[in-house]
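Quick mapping for you: the protein sequence lines, in order, are chains A and B.
Each residue of the first sequence is one higher than the last, beginning at 1 in the working numbering.
Each residue of the second sequence is one higher than the last, beginning at 1 in the working numbering.
Simulated from the structure, these hints should not be mistaken for laboratory data.
Any given hint might turn out to be false.
To be verified - Derived coverage of chain B by chain A (criterion: at least 3 residues anywhere in the stretch with Cβ under 8 angstroms from a Cβ of chain A; other residues may be distant):
1) 12-25
2) 79-92
Said to hold, decoys possible - Label pairs and their computed distance ranges (CB to CB):
3) Phe83(A) to Glu45(B): 33 to 41 angstroms
4) Leu49(B) to Gly227(A): 28 to 36 angstroms
5) Val89(A) to Phe89(B): 27 to 35 angstroms
6) Val89(A) to Ala35(B): 20 to 28 angstroms
7) Tyr26(A) to Glu45(B): 26 to 34 angstroms
We put the beta carbon where it would ideally sit given N, CA and C, even for glycine.
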Amino acid sequence: MSSTAIEINSKRGIWGGGNEPLKASYGKLMMWFFLLSDIFTFAAFLITYGSIRVSYPAFEGHVSEFVKSNEHWPIPEMIFNAFPFFHGVHLPLVFVGLMTFILIMSSVTMVLAVEAGHRNDKKDVVKWMLWTMLGGITFLSCQAWEWSHFIHGSDEGTMMTFVNTFGETVKEVVYGANLHVNEYGPAPFAQLFFFITGFHGFHVTIGVVLLFLAFYQAAVGVYERRGHYEMVEKIGLYWHFVDLVWVFVFTFYYLV
Amino acid sequence: MSAHGNNSTLEVLPRNKEKIRKIWKTAGILLAITAVEFLLAFTMERGMLLFAIFIGLTLVKAAYIMMEFMHLKDESKTLFWSIMLPLIFLVWLLIALFKEGAEIFIYRW
């Protein structure tokens, strides 16, 4: 929130500089437009995922009869069915559901921090920022487990016919996933998984760093001396964007 | 550097119960929509209708996050539309390129 009143210079007009044409401060406006550009980037990734995915046949048949093959796109709930410490237990989409819950909750705590900032309540800002950071770090830890489990693969693997890195067509059991071949489905399935969740996780990591910065500055009183907590709001916008992207990634990759 | 306690000149306003209630209410709506998505994922048959419902519900979630959490509904109309119009363009792009991918499927297989 801008704390000084800005008057429109009648000679220069509303777009002549020295005021806020869109009634938002420079920093907030720039954050919105940066987020718009980043939304374009992620939209491009998800659209790429969509158009590659529909170029593969879908699995015909009931979900319970699903088999892994590189000739059809897998059914995500039959792939993402693991949970830490519950080896062998079929829990479809439970872990990713937990990750979604954690990220949405961290968004809620972020809004509460912003709300506290509007009231100049330093204690509450610091408290809610800490919860938001913990949520972000927990999400990243969960994602790390998900990646490692995905890369390691299942106990039984999948018999597949594919072209190996030497250019030979081979038929052998594939375990886990890499950028060349994976046991779950066609090569793009794993490639896109790493690419999209990787970029998202990278953005979450940047977000956690920014959250820590805001948390620290709020705690030592930088914003109190400045007179407003707008930085918390701007970083909050970034954090909500990260949550928004996850909502879309979750729907497109794990549900559809 | 503030070395001790509260020598600030900023007045701390009391918590606004209404705003906080609204924030948690929106959180509840988001989690409820996610729960519905999960329910449908396991009960409804996979097909175009299910996918359309998923995408529709995701757009509803996105609207709640942008309007309520990011306070976009409180911003000036110009800022609102300068964000919205590119997003509407992206929705069109998504649908168009999905159809392109489907065409590639027909030619490839």
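Comparing the hints with the structure gives:
1. Using a Cβ-Cβ cut-off of 8 angstroms, 9 residues of the segment 12-25 of chain B lie near chain A, which meets the minimum of three, so the contact claim holds.
2. Residues of the segment 79-92 of chain B lying with their CB closer than 8 angstroms to a CB of chain A number 6, which satisfies the three-residue condition for coverage.
3. Distance hint check: the CB atoms of Phe83(A) and Glu45(B) are about 26 angstroms apart, inconsistent with the given range 33 to 41 angstroms.
4. The given range of 28 to 36 angstroms is broken by Leu49(B) and Gly227(A), whose C-beta atoms sit roughly 53 angstroms from each other.
5. Against the hinted window of 27 to 35 angstroms, the Cβ-Cβ separation of Val89(A) and Phe89(B) comes to about 44 angstroms, which falls outside the hint.
6. In this structure the supplied range 20 to 28 angstroms holds for Val89(A) paired with Ala35(B), their Cβ-Cβ distance being about 21 angstroms.
7. Look at Tyr26(A) against Glu45(B): about 51 angstroms separates their beta carbons, and that is not inside 26 to 34 angstroms.
Comparing the model with each earlier hint shows violations of hints 3, 4, 5 and 7; every other hint is respected.
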